[in-house]
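S.K.: So the sequence lines, in the order shown, correspond to chains L and Y. So the number in the numbering used here is just where the residue sits in the first sequence, counting from 1, plus 451. So the number in the numbering used here is just where the residue sits in the second sequence, counting from 1, plus 451.
Don't read these hints as lab results, they were simulated from the structure. One or more of the hints may lead you astray.
Each pair may be met inside one copy or between any two copies, as identical chains are not told apart.
Said to hold, decoys possible - Taking lysine to aspartate or glutamate and the EDC-like style, the derived pairs with C-alpha atoms no more than 20 angstroms apart in a straight line are:
no., residue 1, residue 2
1, K683, E466
2, K637, D527
3, K675, E522
4, K614, D567
5, K691, D513
6, K561, D544
7, K507, D567
8, K615, E532
9, K641, D608
10, K563, E653
11, K563, D467
12, K675, E549
13, K675, D567
14, K563, E549
These numbers come from a predicted model, not from an experiment.
Protein chains: 2
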Amino acid sequence: MVNNTKKTIDHIESEDFIPNLSYDSVIFGFNGKQLKILILEYHNTGLFALPGGFVKRDESLDDAAERGVRERTGLDQIYLEQFYTFGSMTRSDPQAMERILDENGMDRQKYKWMLDRFLSVSYYALINYDEVTPRPDAFSDNINWYPIDELPSLMMDHGQIVKKALEVLRDNLDKKLIGMNLLPTKFTMKQLQQVYEAILGENLRRTTFQRRILGMDILERHEKLFQGKAHKAPYLYSFKS
Amino acid sequence: MVNNTKKTIDHIESEDFIPNLSYDSVIFGFNGKQLKILILEYHNTGLFALPGGFVKRDESLDDAAERGVRERTGLDQIYLEQFYTFGSMTRSDPQAMERILDENGMDRQKYKWMLDRFLSVSYYALINYDEVTPRPDAFSDNINWYPIDELPSLMMDHGQIVKKALEVLRDNLDKKLIGMNLLPTKFTMKQLQQVYEAILGENLRRTTFQRRILGMDILERHEKLFQGKAHKAPYLYSFKS
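Construct the complete structure from the given sequences, taking the supplied hints into account.
M.R.: Okay, here's the thing in structure tokens:
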């Protein structure tokens, strides 16, 4: 772990990165029932944060976000969607950054560029948290899934970033993308309703939900899912391509 | 004009700005019939561009975008909405920037930071172009409204930025915001349909449109708009608050 820390920190040289710009990712996890978010806890600081990072001078913004998520969470090839760039004057927290530098044995003078103002491009992702095992990076004691209504207090404006991500997710709920990333290719109406309920944070009436979704003409109906009593078997659906 | 140019250029010192970050604005104009976009033409270069600019170290991203639009177009207090940050490796065009510097009598060495890679946060706005008179800034020969299907070839990835802005506009069409910025407080169903048709770039059937909009339950119906024959007077509507 010590070697790993050393190696990672050596890689963060200011001249390799676009100054004053970071990204942060809100990685939503869903297991068919509960919606959670992936949060890192920095060594010995009690500081909780979204997985984030910097943009290398020779990589695209999207590549940076994907690389960063891979390095900080161990999650590979997850689909990230950019949603907003946060650029207020008050969002940076140099004192928190100093504590993180200190606790990781990083020289405040050498890494003073990290204490400067940062604007942050935010991304969100949706994955099934039963299928992945995130790993904390060298800066963090642990990385954990937190239910969206039980988040710890997050550093800087990360709480606002999560709030905005949830708004965007709710606004985009009827588009195919979100369901497609959280559900198997074929799914039942009940599974789809559970996705909606988890994201909206409220229970929906089965009949109203079904009528509304079918009215949107985005689903294709397939065979029934036979398990147990045949006359109760629900139909399987997929999103129209 | 020469004095004005000098003054503006003196204000652009690299240490005042966040490096490698710019913003660009897609300002949509609508006059009840046609949807247009505001485009600047740089002095003697044949280069057309969206109004854009840099972010000062001591101002928020949103403030920078508002200030920049005011300085570059003369338009004050227009509502801007951020929609995407463009960060590919190939988006910058240092040769075009060199021509702009040369034509404005700006030293390439002194302003070499402008030739570097830039990521750009993009904003869009919606205004009634009959009510405003944009003015070109010191760098530009002119500033004009172009219909969205008759745009000149734009520098860098500004064509892609416009394309994305239109997609976002179409995705958001059913939200109140867009109509509210383009229409008077009270409007007829026909006026609302004209907004939709301009943004979607297609004609809609009156009966289908009316049924769909009324079904969304976002409008409040008011008195009739009497002009000419009373029995043909259309109802006025406003968006529900």
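S.K.: Which hint numbers doesn't this structure obey?
M.R.: 1, 2, 3, 4, 5, 9, 10, 12, 13
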